[in-house]
Amino acid sequence: MAEPGQNIVDFHSWPDFGERIQHFACELDRMRSASVLIPIMTSGKEPYVLLTERSRHMTNHPGQISFPGGARDGLETILDTALREAEEEIGLPRAQVRPLGYLAQYPTITNFRVNPVVAEVIGNFEPKLQTEEVVSLIRVPLAYLMDKQNHHLKEIQFRGDTVKIIEINYQGNRIWGATAGIILHLYETLFLDN
Numbered sequence: 592m593a594e595p596g597q598n599i600v601d602f603h604s605w606p607d608f609g610e611r612i613q614h615f616a617c618e619l620d621r622m623r624s625a626s627v628l629i630p631i632m633t634s635g636k637e638p639y640v641l642l643t644e645r646s647r648h649m650t651n652h653p654g655q656i657s658f659p660g661g662a663r664d665g666l667e668t669i670l671d672t673a674l675r676e677a678e679e680e681i682g683l684p685r686a687q688v689r690p691l692g693y694l695a696q697y698p699t700i701t702n703f704r705v706n707p708v709v710a711e712v713i714g715n716f717e718p719k720l721q722t723e724e725v726v727s728l729i730r731v732p733l734a735y736l737m738d739k740q741n742h743h744l745k746e747i748q749f750r751g752d753t754v755k756i757i758e759i760n761y762q763g764n765r766i767w768g769a770t771a772g773i774i775l776h777l778y779e780t781l782f783l784d785n
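Residue numbers (this note's numbering): 592 to 785.
No lab work stands behind these hints: they were computed from the structure.
Just so it is clear, CB atoms sit at the ideal spot from N, CA and C, and this is done for glycine as well.
Warning: the hint list may mix true and false statements.
Claimed, not checked - Dumping the calculated DSS-like pairs for lysine-lysine here, alpha-carbon to alpha-carbon at most 27 Å:
(1) Lys755 to Lys745
(2) Lys755 to Lys739
(3) Lys739 to Lys636
(4) Lys719 to Lys636
To be verified - Here are the simulated distance ranges between beta carbons:
(5) Arg730 to Leu691: 14 to 20 Å
(6) Asp738 to Thr668: 30 to 36 Å
(7) Gly635 to Arg750: 41 to 47 Å
Make the full structure from the sequences, and use the hints.
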């Protein structure tokens, strides 16, 4: 692949360029499609993001901090999945969600391609947690999540490989993995020049 600083216009000279792109596209097609909602609320003047702490009894990602979301059912749209999961997991009524946009798919090491939906939560909302899946709701200021100094690069062992991940710590809550990766992608989308 390209070396840092290499002229990217001359991609034909990169070894295996087409093969690598095709391989990545095939891998994405094999992954299970999922959607998450990035719900942004305002408390006073400060916007914050709602995250969930998953039950330790869950098969996938037990005890982790995540966005409300899950696997797509049948012919459901990306938005329908995100809204359904948020309603099921935290009791967020669909009528109180105003979609703002979508981020690019985020492939996970657990074989999901996650479709993040950024949305504003309108009005007051009383959470009703589905306790089999969610043990608590965590409100994190959007400004904290968008502060690059709170994004820490870590290395973990996963299935015998060393993997680099982003980690964000907020009031004793470890936000990492796909959730932190999606937060980083939101940061890059909002603040980095294309």
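These are the hints, each one checked on the structure:
With a C-alpha separation of about 6 Å, the suggested pairing of lysine 755 with lysine 745 holds against the 27 Å cut-off. About 17 Å separates the Cα atoms of lysine 755 and lysine 739, which keeps this hinted pair within 27 Å; it holds. Note on lysine 739 and lysine 636: the hinted pairing holds, with a Cα-Cα distance of about 21 Å set against a maximum of 27 Å. Of the supplied pair hints, the one linking lysine 719 and lysine 636 holds, its CA atoms being roughly 24 Å apart against a limit of 27 Å.
Between arginine 730 and leucine 691 the C-beta distance comes to about 18 Å, which sits within the given range of 14 to 20 Å. The hint said 30 to 36 Å for the Cβ distance between aspartate 738 and threonine 668, and at roughly 33 Å that hint holds. Taking the beta carbon of each, glycine 635 and arginine 750 are about 44 Å apart, inside 41 to 47 Å as hinted.
Of the numbered hints stated above, none is contradicted by the structure.
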